[in-house]
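Going down the list, the protein sequences come from chains A and B.
Using the UniProt record's numbering, you'd call the opening residue of the first sequence number 1 and step up by one each time.
Using the UniProt record's numbering, you'd call the opening residue of the second sequence number 1 and step up by one each time.
Note that these hints are calculated values from the structure, not bench results.
Note that the structure is a prediction, hence the values are computed from the model and not measured.
Quick reminder that beta carbons are idealized off the backbone N, C-alpha and C, glycines included.
Treat the hints with care, since some could be wrong.
[Claimed, not checked] Quick list of simulated restraints, FRET-style, between CB atoms:
#1 B:Glu8 with A:Thr287: 44 to 52 Å
#2 A:Ala46 with B:Glu381: 55 to 63 Å
#3 A:Pro306 with B:Leu449: 27 to 35 Å
#4 B:Ser15 with A:Val125: 32 to 40 Å
#5 B:Ser15 with A:Ala365: 53 to 61 Å
#6 A:Thr287 with B:Gly254: 40 to 48 Å
#7 B:Lys193 with A:His6: 53 to 61 Å
#8 B:Arg362 with A:Ser286: 42 to 50 Å
#9 A:Gly110 with B:Glu12: 46 to 54 Å
#10 B:Ser391 with A:Glu16: 37 to 45 Å
[Unchecked claim] Listed below are the simulated DSS-like cross-link pairs for lysine-lysine, each with C-alpha atoms no more than 27 Å apart in a straight line:
#11 A:Lys176 with B:Lys215
#12 A:Lys319 with A:Lys120
#13 A:Lys319 with A:Lys215
#14 B:Lys176 with A:Lys201
#15 B:Lys120 with B:Lys215
#16 B:Lys193 with A:Lys223
#17 B:Lys111 with B:Lys411
#18 A:Lys319 with A:Lys111
#19 A:Lys93 with A:Lys336
#20 A:Lys215 with B:Lys176
#21 B:Lys176 with B:Lys193
#22 B:Lys411 with B:Lys380
#23 B:Lys120 with A:Lys193
#24 A:Lys411 with A:Lys215
#25 B:Lys201 with A:Lys223
#26 B:Lys223 with A:Lys176
#27 B:Lys201 with A:Lys176
#28 A:Lys93 with A:Lys120
Letter by letter, the chains look like this.
There are 2 protein chains.
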Amino acid sequence: MTTPSHLEYPPELSSEEERYLLSTLKDWSIAHGLAVRPAPSFVPTAEDPSGVLATTAPVTLFPSLFPRVCFEEGLGIQKAYNKLYSAIARDEKWLQGIVEELIDIDEFTGKLWQTHLAVKKEGYVQDLSLGLFRSDYMVHIDPSSSNSSPGLKQVEFNTIASSFGGLSSRVSTLHKYLLAVGAYPASATTMIKADALRQSKSASSLAHGLAAAHKAYGLSRTKRPLCVLFIVQDPERNVFDQRHLEYALLEECGVRSFRLPFQETLLHTSQDSDRTLLYTPPSSSSTTYEVTTIYFRAGYSPDDYPREDEWNARLHLEKSRAIKCPSILTHLAGCKKVQQVLATPHSPHLKRFLPDESVASRVLATFAPIYPLDESEAGKEAKKLAADPVSAVRYVLKPQREGGGNNIYRKSIPPFLESLPAAQCPAYILMEMIEPPPLRNAILRNGELHKGGVIGELGVYGVCLWKNGSDGGDTGEILQNFEAGYLLRTKGDQSEEGGVAAGFGAVDSCCLVD
Amino acid sequence: MTTPSHLEYPPELSSEEERYLLSTLKDWSIAHGLAVRPAPSFVPTAEDPSGVLATTAPVTLFPSLFPRVCFEEGLGIQKAYNKLYSAIARDEKWLQGIVEELIDIDEFTGKLWQTHLAVKKEGYVQDLSLGLFRSDYMVHIDPSSSNSSPGLKQVEFNTIASSFGGLSSRVSTLHKYLLAVGAYPASATTMIKADALRQSKSASSLAHGLAAAHKAYGLSRTKRPLCVLFIVQDPERNVFDQRHLEYALLEECGVRSFRLPFQETLLHTSQDSDRTLLYTPPSSSSTTYEVTTIYFRAGYSPDDYPREDEWNARLHLEKSRAIKCPSILTHLAGCKKVQQVLATPHSPHLKRFLPDESVASRVLATFAPIYPLDESEAGKEAKKLAADPVSAVRYVLKPQREGGGNNIYRKSIPPFLESLPAAQCPAYILMEMIEPPPLRNAILRNGELHKGGVIGELGVYGVCLWKNGSDGGDTGEILQNFEAGYLLRTKGDQSEEGGVAAGFGAVDSCCLVD
Chain A
1 MTTPSHLEYP PELSSEEERY LLSTLKDWSI AHGLAVRPAP SFVPTAEDPS GVLATTAPVT
61 LFPSLFPRVC FEEGLGIQKA YNKLYSAIAR DEKWLQGIVE ELIDIDEFTG KLWQTHLAVK
121 KEGYVQDLSL GLFRSDYMVH IDPSSSNSSP GLKQVEFNTI ASSFGGLSSR VSTLHKYLLA
181 VGAYPASATT MIKADALRQS KSASSLAHGL AAAHKAYGLS RTKRPLCVLF IVQDPERNVF
241 DQRHLEYALL EECGVRSFRL PFQETLLHTS QDSDRTLLYT PPSSSSTTYE VTTIYFRAGY
301 SPDDYPREDE WNARLHLEKS RAIKCPSILT HLAGCKKVQQ VLATPHSPHL KRFLPDESVA
361 SRVLATFAPI YPLDESEAGK EAKKLAADPV SAVRYVLKPQ REGGGNNIYR KSIPPFLESL
421 PAAQCPAYIL MEMIEPPPLR NAILRNGELH KGGVIGELGV YGVCLWKNGS DGGDTGEILQ
481 NFEAGYLLRT KGDQSEEGGV AAGFGAVDSC CLVD
Chain B
1 MTTPSHLEYP PELSSEEERY LLSTLKDWSI AHGLAVRPAP SFVPTAEDPS GVLATTAPVT
61 LFPSLFPRVC FEEGLGIQKA YNKLYSAIAR DEKWLQGIVE ELIDIDEFTG KLWQTHLAVK
121 KEGYVQDLSL GLFRSDYMVH IDPSSSNSSP GLKQVEFNTI ASSFGGLSSR VSTLHKYLLA
181 VGAYPASATT MIKADALRQS KSASSLAHGL AAAHKAYGLS RTKRPLCVLF IVQDPERNVF
241 DQRHLEYALL EECGVRSFRL PFQETLLHTS QDSDRTLLYT PPSSSSTTYE VTTIYFRAGY
301 SPDDYPREDE WNARLHLEKS RAIKCPSILT HLAGCKKVQQ VLATPHSPHL KRFLPDESVA
361 SRVLATFAPI YPLDESEAGK EAKKLAADPV SAVRYVLKPQ REGGGNNIYR KSIPPFLESL
421 PAAQCPAYIL MEMIEPPPLR NAILRNGELH KGGVIGELGV YGVCLWKNGS DGGDTGEILQ
481 NFEAGYLLRT KGDQSEEGGV AAGFGAVDSC CLVD
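Chain A extracted, bound-state conformation:
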């Protein structure tokens, strides 16, 4: 990844070449729904009160170089990851141990767990569970070795609201189109060539995942029409990403779905006596639908729960007979503490969930060492590493809960730790920094072009539909398990935050290199 040709990538463009590439890209993206609603900082709400404007989603001009072996390994092990996380989600007792370590320090995790317990008390009535997962990786080159081959290291595993599956499919089509119409200079086409570009099938595959749950739900118990319910944030700038899944669900699978803002859940849904979930669209109050599957694109962050009403809504949905994507236990399986205990060196946990050693070892190879900040031996060592400015530069400190935006990097760790009350320490994990190879690209964002060094993050989507065991332990049956396409998110390497949604990155696609 650091041969001269890679450092010359992407090619320099003449002003005419850049003009052609940009105008081709800007028109194609809008013509194909590779779009977002503009941020208020770009178009003030007062200038477009009805919200009809859209803009090209933040995208890279070129597909970023990505080692073929890493790409194939990431996609290849997704089914193992699906199996792993569905097994974790089925193992309530094991999860309880995890949650108990967090419950006093992370109120959000505590509330989720209480919600689970409240449902458990009355008894779960739906034994099917759907995961639309995304496992995020970076390419890692060991800085201590001068000639090491690149490997894939996991950044995080998302079990709720894994986003960009809709736009990712389109950006890979965009880059293929730009190649087809000669928007990349001839000098670059030794690297950017049809068989190096990888189409992401995420939009279609995730829709098929939702459709599989919808079908597995079975016939209506109330003789009503059936639907899938997208629980969403409102407003949502990234709405087209979600809409593309809706459209694929209808066009490819014939399944109706509705969007329901999370905060309106209790207004428009109700339960039958047997906890069948009913949805009456406010736009057509004479028709009530029976909900087969709840797809959460909201509810993953404490910000989504400003009132007790939202917790009541989550409880109400979790209690219902609809299949949840994800259930609360699956949501909890995605907390960083789980990633940490799996990735703590010599952890016994991985083999508990993946007894097949050859499978487990492939998964293990993608873990970056992660340490708890607790009173264990590993925790004590981690605190030493984190407090020392010399060693701290190889680490990142991450809060246990989902979301991003609060990571503490490298030399900022020691002063942060010093200011942190000791009791708060276990709310964080310490992770060895992944050292990605140097790459360059150009990002179009809000009409502005940013060129320079970048870091790419590969997300691999996975669909898993399973039946929970009746005993609540780690039994059960997997009904569907497939890899569901990929996302490449690319950010400027001066930024140390990663989410495109958070405002720092762009959607990208892979140009594989050997």
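Given the coordinates of chain A, work out where chain B should sit on it, guided by the hints.
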């Protein structure tokens, strides 16, 4: 068309229904490229200097009611219209008679004719010609009869730059989608139902027309890659309409095309010694393409010719071996004077071009009476009708040249005529007003919703590829002739101008009624 149920159409929406319909429509339109670049009055250029913003194209919320018999007749006679106008374009002598009547009063027509003569002097080297036509109609109900059935009356026939074929396909898909997801209230679905909605296949069909010309051009004479050249205005707010044809041309037909701003023609094209047209994209100066087909989406209005350079460019293109869509003679065949002489009562001209009487009579039935304002008997009578405020209210005065925006309606005609120098009169025609049935709809435009009475204009696209006779007369051979989808443009009935591009209308689709 005036039964009570029609007057109750479209249905009143509750605020919840309207909210659902609008949000569904706004997201779908952007996700599917049913979009335009925003007008500077909506988003000032300074706020989006790089031009990344887009907005929903002006569209109707509901498909407008349209009499099934009229719709089918319009599509059914398009092949006859294609034949008619290709025959006119082949008959240089006949066209010369038309042009000679205009040449002193319409400088633009004169310049086009001189350009043709200049090419003729050197000899045309391409005997193939392509028309992507659009015949525009309104539904007419004879106001003098209390129970007459609706008929189709032609507004104009476009032989150059017939627009909205790209967006029209999408708006009919949009209306079908809105029906499928329950965005139309149940009360309306007795009228809006799947078998009443008509999908327009215009984007694909027009692309296939371009591809037919591209193929008929034959092998490269210069061993260079072949391409189609879109000659465009720059900037172009309606760019997605054109891009959809480009995408269909590449994806469905495998044909490369480029967009070239008309004013840059001479910079980037050249001719070989045998007048093969060569195009070197400024973005990749090492590759020169041989142009098979020139598709004019500019050059139809005098505004496109600010300098003599543009006339030189038109001459340069017309002289070349590339197939023109349209040629200058085909462009001239679309002038209003031609429509007028065909539609002048008892005109001998129609049967000259359409000898088959049963075909000619169907075409004739779509003509609204049109009078010249010249020194003929019909012209003298027309001037009387136009000068009298009582009779003038049934007429519209139109300039001979293309474009729109300058029509004089009804009671405005007498004072306008009075102010017009007599010598200018023949530059105009007098046309009986078409009296459309009362209709209602709602239009979303720049984020604003406009509800009320509307007028619809049906455009039927036609593709015709023909070989000109070697004698320059009305001989030759038609190689391709097909109907190519439709456009429904709908405008508020308080406005008397029709073009969506001109800022007053919306793209619509047909909901057929018996």
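Evaluated hints:
Taking the beta carbon of each, B:Glu8 and A:Thr287 are about 21 Å apart, not inside 44 to 52 Å as hinted. Judged by the Cβ atoms, the range 55 to 63 Å given for A:Ala46 and B:Glu381 holds: they are separated by roughly 57 Å. Checked against the given bound of 27 to 35 Å, the beta carbons of A:Pro306 and B:Leu449, roughly 31 Å apart, stay inside it. Under the hint 32 to 40 Å, the C-beta atoms of B:Ser15 and A:Val125, about 36 Å apart, fit the expected range.
Under the hint 53 to 61 Å, the C-beta atoms of B:Ser15 and A:Ala365, about 57 Å apart, fit the expected range. Checked against the hint of 40 to 48 Å, the C-beta distance between A:Thr287 and B:Gly254 comes to roughly 45 Å, which is consistent with it. Under the hint 53 to 61 Å, the C-beta atoms of B:Lys193 and A:His6, about 58 Å apart, fit the expected range. Taking 42 to 50 Å as the suggested C-beta distance range, the pair B:Arg362 and A:Ser286 conforms, at roughly 46 Å.
At roughly 49 Å, the beta-carbon separation of A:Gly110 and B:Glu12 lies within the given 46 to 54 Å, and the hint holds. The given range of 37 to 45 Å is broken by B:Ser391 and A:Glu16, whose C-beta atoms sit roughly 59 Å from each other. Restraint check for A:Lys176 and B:Lys215: satisfied, since their Cα atoms lie roughly 25 Å apart, inside the 27 Å limit. As the CA atoms of A:Lys319 and A:Lys120 are separated by approximately 9 Å, the hinted pair is consistent with the 27 Å bound.
A hinted pair counts as satisfied when its Cα atoms are at most 27 Å apart, and A:Lys319 with A:Lys215 qualifies at roughly 20 Å. About 26 Å separates the Cα atoms of B:Lys176 and A:Lys201, which keeps this hinted pair within 27 Å; it holds. Pair hint B:Lys120 plus B:Lys215 holds up; C-alpha atoms about 25 Å apart against a cutoff of 27 Å. Distance check on the hinted pair: B:Lys193 and A:Lys223 sit about 24 Å apart at the alpha-carbon level, within 27 Å; holds.
The straight-line distance between the Cα atoms of B:Lys111 and B:Lys411 is roughly 33 Å, outside the 27 Å bound, and the hint therefore fails. A threshold of 27 Å between alpha carbons decides the hint, and for A:Lys319 with A:Lys111 the separation of about 15 Å falls inside it, so the pair holds. With a CA separation close to 18 Å, the supplied pair A:Lys93 and A:Lys336 stays within the 27 Å bound. Among the hinted pairs, A:Lys215 with B:Lys176 is consistent with the structure: their alpha-carbon atoms are about 25 Å apart, no more than 27 Å.
Distance restraint check for B:Lys176 and B:Lys193: the Cα-Cα separation of roughly 9 Å lies within the 27 Å cut-off, and the hinted pair is therefore satisfied. Distance hint between B:Lys411 and B:Lys380 is fulfilled; the C-alpha atoms sit about 19 Å from each other, no more than 27 Å. Distance check on the hinted pair: B:Lys120 and A:Lys193 sit about 46 Å apart at the alpha-carbon level, beyond 27 Å; violated. Between A:Lys411 and A:Lys215, the direct Cα distance comes to roughly 51 Å. Violation of the 27 Å bound is thereby established for this hinted pair.
Restraint check: the Cα-Cα separation between B:Lys201 and A:Lys223 comes to about 38 Å, which exceeds 27 Å; the hinted pair is violated. Of the pairs offered as hints, the one joining B:Lys223 and A:Lys176 holds, with about 26 Å between alpha carbons and a cut-off of 27 Å not exceeded. Only pairs whose Cα atoms come within 27 Å are accepted, and B:Lys201 paired with A:Lys176 is accepted, the gap being roughly 26 Å. A threshold of 27 Å between alpha carbons decides the hint, and for A:Lys93 with A:Lys120 the separation of about 13 Å falls inside it, so the pair holds.
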